[in-house]
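J.: Protein sequences appear in the order of chains R and C.
Numbering-wise, the first sequence is residues 1 to 265 according to our numbering.
Numbering-wise, the second sequence is residues 266 to 625 according to our numbering.
To be clear, the hints were calculated from the coordinates, so they are not data collected in a lab.
A couple of the hints might just be wrong.
[Said to hold, decoys possible] Calculated pairs, DSS-like style, for lysine-lysine (alpha carbon to alpha carbon, straight line, at most 30 Å):
(1) 64/R <-> 136/R
(2) 594/C <-> 136/R
(3) 206/R <-> 136/R
(4) 141/R <-> 277/C
(5) 64/R <-> 79/R
(6) 600/C <-> 101/R
(7) 206/R <-> 101/R
(8) 594/C <-> 161/R
(9) 141/R <-> 73/R
(10) 239/R <-> 64/R
(11) 161/R <-> 600/C
(12) 594/C <-> 277/C
(13) 594/C <-> 101/R
(14) 600/C <-> 136/R
(15) 206/R <-> 141/R
(16) 136/R <-> 508/C
(17) 277/C <-> 161/R
(18) 130/R <-> 600/C
(19) 101/R <-> 277/C
Being a predicted model, the structure only gives us computed values, none of them experimental.
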Amino acid sequence: MQAERSFPIGAPILELSNISLSFGGVRAITGTSFKVLQHEIRAIIGPNGAGKSSMLNCINGIYKPQEGTVAFKGQVLEKINPNFIARKGISRTFQNLALFKRMSVLDNILVGRRLHMNANFLEVAFQLPKARREEKENREKSEEIVEFLEIEDIRDTAVGKLPYGLQKKVELGRALATEAEVLLLDEPMAGMNVEEKREMCRFILKVNDELGTTMVLIEHDMGVVMDISDSVVVLDYGKVIADGPPEDVRSNQNVIDAYLGVAHD
Amino acid sequence: MSAKPVFMTYTKGDVVNFVVLMALAFLVIPSIVETDYWYTSILIPWLCLALAAIGQQIVMGYTGQLSLGAAGFMAAGAFACFNFILRVPDIPFFVALGLSGLVAAGFGILFGLPSLRVRGIYLMVATLASQFFIIWMIDKFGWFKNYDTSGIITAQDIVIFGHAFTSPMEMFFVVVVVVTVLTLLAMNMARGSTGRNWMAVRDMDIAAESMGISLLRTKLQAFAISAFYCGVAGALFAFTYLKSLEPVAFDIKLSFEILFMVILGGLGTINGAFIGAAFILLFPVVLNSVGNNLFHGAIDATIISSIEQVVFGVLIIVFMIYEPLGMAKLWDNIKQRFLRSRSLRNEVPRDHKGLSKQES
Numbered sequence: 001m002q003a004e005r006s007f008p009i010g011a012p013i014l015e016l017s018n019i020s021l022s023f024g025g026v027r028a029i030t031g032t033s034f035k036v037l038q039h040e041i042r043a044i045i046g047p048n049g050a051g052k053s054s055m056l057n058c059i060n061g062i063y064k065p066q067e068g069t070v071a072f073k074g075q076v077l078e079k080i081n082p083n084f085i086a087r088k089g090i091s092r093t094f095q096n097l098a099l100f101k102r103m104s105v106l107d108n109i110l111v112g113r114r115l116h117m118n119a120n121f122l123e124v125a126f127q128l129p130k131a132r133r134e135e136k137e138n139r140e141k142s143e144e145i146v147e148f149l150e151i152e153d154i155r156d157t158a159v160g161k162l163p164y165g166l167q168k169k170v171e172l173g174r175a176l177a178t179e180a181e182v183l184l185l186d187e188p189m190a191g192m193n194v195e196e197k198r199e200m201c202r203f204i205l206k207v208n209d210e211l212g213t214t215m216v217l218i219e220h221d222m223g224v225v226m227d228i229s230d231s232v233v234v235l236d237y238g239k240v241i242a243d244g245p246p247e248d249v250r251s252n253q254n255v256i257d258a259y260l261g262v263a264h265d
Numbered sequence: 266m267s268a269k270p271v272f273m274t275y276t277k278g279d280v281v282n283f284v285v286l287m288a289l290a291f292l293v294i295p296s297i298v299e300t301d302y303w304y305t306s307i308l309i310p311w312l313c314l315a316l317a318a319i320g321q322q323i324v325m326g327y328t329g330q331l332s333l334g335a336a337g338f339m340a341a342g343a344f345a346c347f348n349f350i351l352r353v354p355d356i357p358f359f360v361a362l363g364l365s366g367l368v369a370a371g372f373g374i375l376f377g378l379p380s381l382r383v384r385g386i387y388l389m390v391a392t393l394a395s396q397f398f399i400i401w402m403i404d405k406f407g408w409f410k411n412y413d414t415s416g417i418i419t420a421q422d423i424v425i426f427g428h429a430f431t432s433p434m435e436m437f438f439v440v441v442v443v444v445t446v447l448t449l450l451a452m453n454m455a456r457g458s459t460g461r462n463w464m465a466v467r468d469m470d471i472a473a474e475s476m477g478i479s480l481l482r483t484k485l486q487a488f489a490i491s492a493f494y495c496g497v498a499g500a501l502f503a504f505t506y507l508k509s510l511e512p513v514a515f516d517i518k519l520s521f522e523i524l525f526m527v528i529l530g531g532l533g534t535i536n537g538a539f540i541g542a543a544f545i546l547l548f549p550v551v552l553n554s555v556g557n558n559l560f561h562g563a564i565d566a567t568i569i570s571s572i573e574q575v576v577f578g579v580l581i582i583v584f585m586i587y588e589p590l591g592m593a594k595l596w597d598n599i600k601q602r603f604l605r606s607r608s609l610r611n612e613v614p615r616d617h618k619g620l621s622k623q624e625s
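Same shape as in the complex, but just chain R (with noise of 0.2 Å):
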């Protein structure tokens, strides 16, 4: 399988080094450091309040953590916040949805081809051919993203409205809309049945495989980790207990300890 990748996996393309991060006095992440490499599935582990979100969230430049760096293909992201870092080429999505409620899903994932689109608001005030053409172009990406995610039949409904799996899904595709080289997915199968984790595993896949697209994905289903990860970073209190290979994480003594907990006698 892993001959077959049309993206081989190669150099790292994240690399964080020793971020510390912390709320007041509760420490969140203690100098915690791993790399991504480039075209690599990447999951994240780790028990509640291990600090996974954080580590995202340092990345997408929503927390600014006080110590370490993140450096994306060799260099260090000298400003720390989601515009910026989106711009360089990281996309995200939330673990509690943060989907544009009141639009619909078509304009969601249109909102996604953001940094595709130039056009100034005078040259969309007066439709001129610019902004016409990339309101086109852009349209059609972003149908076909809908339809690579097979929601065509409800891509007019405000997603407010939709079911919680769908809205995932909408998030997903928002989150592919940018074409960004890596994307971090934050619990994107939260809540779905084994129905609909088989089918977000299966875009994720297909992503991954077609468009070389990094992942880094933070999940709670092993079976699902185990599946699709190509390797795999478990964090507990904060700090990176165990970085490997799936099947080398799965039988780490520590992995086991921190999710079974341990005897202390």
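Add chain C to chain R, keeping to what the hints say.
T.: Using the frame of chain R, we list chain C on its own:
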């Protein structure tokens, strides 16, 4: 929604609506309206206020930034227009109007700055500053009023290509042209990427930022464009409706009325601005004539105006709870139901035929 655009981004329905409305404005209304009252007291103020409501709609309905400074921006636009015409010889009226919009937009950016730090009701309070500051500034510095001491300044004539537009009907045409153009531009923005950026900021700012939308630029842009619309509306309001310039005409009450127009009309819709403005403007008129004709003056005028306030208050609460999308949405629902019942009626006979065939 899924209808194919026939001209630029407009669907067949849009074009039909446009043609009908233009025919109404330029052919039907001029031929059936006989008294100036309709122009001077209803149509002109309605369109001016609807334009200001579009401005409010952009910042509040689309971008989700609560703002209560619309009348302040209108005052800025009105006095800017007065000064441009006064001080720049032979300035074309439309140029003066556009420049006054830009002056108001400058104020919009300035008073939009708090939106980068505070939100919701706190932002609303912060934007009140524009309301009070602009009026204070005009009152304080005599230059803005050309050192007129009487307090009320007569607005100059609207001169376009050497022709003075002084009759109510002519003024109405000027207003229709400006409002039509600006409404089309607003619709283009709202439907295009600009509008999507606004709504993304409204619905979920963190996600918008993560998609590469700059909150700072988007919010200030919305404030600027909103103030531009209010400024132009204010200038038109002063020049075609009030025919005079006085800061008190743009007091906080007007800001609130524009806010109500947007809420009742329907947040985040351009139609809503027109529907809301019509309602707020016409409702007192209707109530008055009902009071006079039905009860033959038995009800005191002050009571009628109190009733008006009560009804507005109740309606706003009702809309907030049951239909946050306002009257525009009600109108849509009625249209939908009408269309559906019509298509059902067309389908039913076919079904009957099918059935009878099977039976026989």
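J.: Determine for every hint whether it applies to the structure shown.
T.: Each hint, compared with the structure:
{"no.": "1", "hint": "64/R <-> 136/R", "verdict": "violated (37 Å)"}
{"no.": "2", "hint": "594/C <-> 136/R", "verdict": "holds (28 Å)"}
{"no.": "3", "hint": "206/R <-> 136/R", "verdict": "holds (26 Å)"}
{"no.": "4", "hint": "141/R <-> 277/C", "verdict": "holds (24 Å)"}
{"no.": "5", "hint": "64/R <-> 79/R", "verdict": "holds (10 Å)"}
{"no.": "6", "hint": "600/C <-> 101/R", "verdict": "holds (24 Å)"}
{"no.": "7", "hint": "206/R <-> 101/R", "verdict": "holds (27 Å)"}
{"no.": "8", "hint": "594/C <-> 161/R", "verdict": "holds (16 Å)"}
{"no.": "9", "hint": "141/R <-> 73/R", "verdict": "holds (26 Å)"}
{"no.": "10", "hint": "239/R <-> 64/R", "verdict": "holds (17 Å)"}
{"no.": "11", "hint": "161/R <-> 600/C", "verdict": "holds (21 Å)"}
{"no.": "12", "hint": "594/C <-> 277/C", "verdict": "holds (21 Å)"}
{"no.": "13", "hint": "594/C <-> 101/R", "verdict": "holds (17 Å)"}
{"no.": "14", "hint": "600/C <-> 136/R", "verdict": "holds (29 Å)"}
{"no.": "15", "hint": "206/R <-> 141/R", "verdict": "holds (17 Å)"}
{"no.": "16", "hint": "136/R <-> 508/C", "verdict": "violated (45 Å)"}
{"no.": "17", "hint": "277/C <-> 161/R", "verdict": "holds (28 Å)"}
{"no.": "18", "hint": "130/R <-> 600/C", "verdict": "violated (35 Å)"}
{"no.": "19", "hint": "101/R <-> 277/C", "verdict": "holds (28 Å)"}
Checked against the numbered hints given earlier, this structure breaks hints 1, 16 and 18; the rest are met.
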